[in-house]
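*Asks:* Single-letter residue listing:
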Amino acid sequence: NAGVTQTPKFRILKIGQSMTLQCAQDMNHNYMYWYRQDPGMGLKLIYYSVGAGITDKGEVPNGYNVSRSTTEDFPLRLELAAPSQTSVYFCASSYSTEGSGELFFGEGSRLTVL
Amino acid sequence: DQQVKQNSPSLSVQEGRISILNCDYTNSMFDYFLWYKKYPAEGPTFLISISSIKDKNEDGRFTVFLNKSAKHLSLHIVPSQPGDSAVYFCAASGDDYKLSFGAGTTVTVRA
Numbered sequence: 004n005a006g007v008t009q010t011p012k013f014r015i016l017k018i019g020q021s022m023t024l025q026c027a028q029d030m031n032h033n034y035m036y037w038y039r040q041d042p043g044m045g046l047k048l049i050y051y052s053v054g055a056g057i058t059d060k061g062e063v064p065n066g067y068n069v070s071r072s073t074t075e076d077f078p079l080r081l082e083l084a085a086p087s088q089t090s091v092y093f094c095a096s097s098y099s100t101e102g103s104g105e106l107f108f109g110e111g112s113r114l115t116v117l
Numbered sequence: 178d179q180q181v182k183q184n185s186p187s188l189s190v191q192e193g194r195i196s197i198l199n200c201d202y203t204n205s206m207f208d209y210f211l212w213y214k215k216y217p218a219e220g221p222t223f224l225i226s227i228s229s230i231k232d233k234n235e236d237g238r239f240t241v242f243l244n245k246s247a248k249h250l251s252l253h254i255v256p257s258q259p260g261d262s263a264v265y266f267c268a269a270s271g272d273d274y275k276l277s278f279g280a281g282t283t284v285t286v287r288a
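So the sequences go chain by chain: D and A. Just so you know, we're using the working numbering here: the first sequence kicks off at 4 and counts up by one. Just so you know, we're using the working numbering here: the second sequence kicks off at 178 and counts up by one.
Derived from the structure by calculation, the hints contain no laboratory data. Fair warning: there could be bad hints in the mix.
[To be verified] Derived DSSO-like pairs: lysine-lysine, alpha-carbon spacing no greater than 27 Å straight-line:
no.: 1; chain 1: D; residue 1: K60; chain 2: A; residue 2: K231
no.: 2; chain 1: A; residue 1: K182; chain 2: A; residue 2: K245
no.: 3; chain 1: D; residue 1: K47; chain 2: A; residue 2: K275
no.: 4; chain 1: D; residue 1: K47; chain 2: A; residue 2: K214
no.: 5; chain 1: A; residue 1: K275; chain 2: A; residue 2: K248
no.: 6; chain 1: D; residue 1: K60; chain 2: A; residue 2: K233
no.: 7; chain 1: A; residue 1: K248; chain 2: A; residue 2: K231
no.: 8; chain 1: A; residue 1: K233; chain 2: A; residue 2: K245
Keep in mind the model is a prediction, meaning the values are calculated, not measured.
Okay, chain A solo, but in the shape it has when bound (with noise of 0.2 Å):
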């Protein structure tokens, strides 16, 4: 039973413009979000997290936005790089500090 989606496989972006990925959850006891990055061949990487206190996180060109009534967080790429291509997945857990991972979405950035 997925408890963290990522309806979106796929997403294809010109370079400049705005990715924006989107990750749904169904557990409300999630208090704490995180975005990976995994190229082929590599492990994921952390790339920004947010707690549930917040709505916004920002670092760089890298914005996580919450919205706990809808159970829905985003992530924005803001201008999309051809060395953003890769798979990003959303990760989320609670008090029992176990994360649940979304089955990623993978992003090409055309030139």
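In isolation and in its complexed conformation, chain D is listed as follows (with noise of 0.2 Å):
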């Protein structure tokens, strides 16, 4: 079982350079994250999508845009990246909504901007 896929894995940019996380899920789940841990802080929710064609922002939204064309996959895409994205980012889904059910975790992203 793939469960939930991030690529990739680890990844350095410049700053101003973009780039674009990918998280695919094979669970069928409509409700799907972006979070981004911090040393020393809990996971940040980023953005959210509903379902195929619905995205919301969530409580640290800026810098990043997502889109949602398929119950399968949620990139999140980093514009003009600046030191204050070097973080680790999870994507995760859910069957049914963020804080009334379990959340399925990919393994994170690790991204250093420099």
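Now that you have both chains on their own, put them together as the hints suggest.
*Replies:* Quick look at the structure:
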């Protein structure tokens, strides 16, 4: 079972570059999420989606964009990378809403912006 | 503003003994609480949850206790095993279903 798959696992960007973190799930979950985890902090929600074609901002959306063209895929786009975006990014999915059921997480993508 | 706080960044316990992880929250509207476990280089995985209508939920070696008046919950692991060495995140949600996570507690189980 693949579950939630994230690519790449590691990436180094220069300031001002752009990139897309890919996320795919094979559990037919409607709900998908992007979190970031900074050292010594809990996970912060960046964006989420309740179904194909529907996305919404989370707690820390600035500097990011998302799209949800299919149920399976939920890519996160970083435009004009900044050192403050150095973090570990987790994609997750769930059958029901975020706070009422179990989230299934990917393995994470470690991004460094220099 | 951290609404969920795990004030102990780390915990070391001997194999076979009890591990007690603590979590405090400030939002009285939270009514559902979860614990996630995370190994290095992996994503968090769901461990156990409790709703505000209960004060205890048990699943094998893991028990979560909720004290609503104190806005406090704890996770007990009995007996602790080497495979329990991981980071444990406390999370909470209210009627908006948005999750707030604590910063995590790193548990090390000594042989």
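*Asks:* Are K275 of chain A and K248 of chain A close enough, with their CA atoms no more than 27 Å apart?
*Replies:* 18 Å, holds
*Asks:* Going straight from one Cα to the other, do K47 of chain D and K214 of chain A come out at no more than 27 Å?
*Replies:* 16 Å, holds
*Asks:* Quickly compare the C-alpha distance for K60 of chain D and K231 of chain A to 27 Å and report which way the hint goes.
*Replies:* 32 Å, violated
*Asks:* Compare the distance between the alpha carbons of K182 of chain A and K245 of chain A with 27 Å, and conclude whether the hinted pair is satisfied.
*Replies:* 15 Å, holds
*Asks:* Is K47 of chain D within 27 Å of K275 of chain A, Cα to Cα?
*Replies:* Given that 27 Å is the threshold and the Cα spacing comes to 11 Å, the pair holds.
*Asks:* Hint check: K248 of chain A vs K231 of chain A, CA-CA at most 27 Å. Holds or violated?
*Replies:* 13 Å, holds
*Asks:* Does the structure keep K233 of chain A and K245 of chain A at a Cα separation of 27 Å or less?
*Replies:* 11 Å, holds
*Asks:* Take the C-alpha atoms of K60 of chain D and K233 of chain A, compute the straight-line distance between them, and say whether it is at most 27 Å.
*Replies:* Status violated; Cα separation ~34 Å.
Of the numbered hints given earlier, the model fails hints 1 and 6; all others are met.
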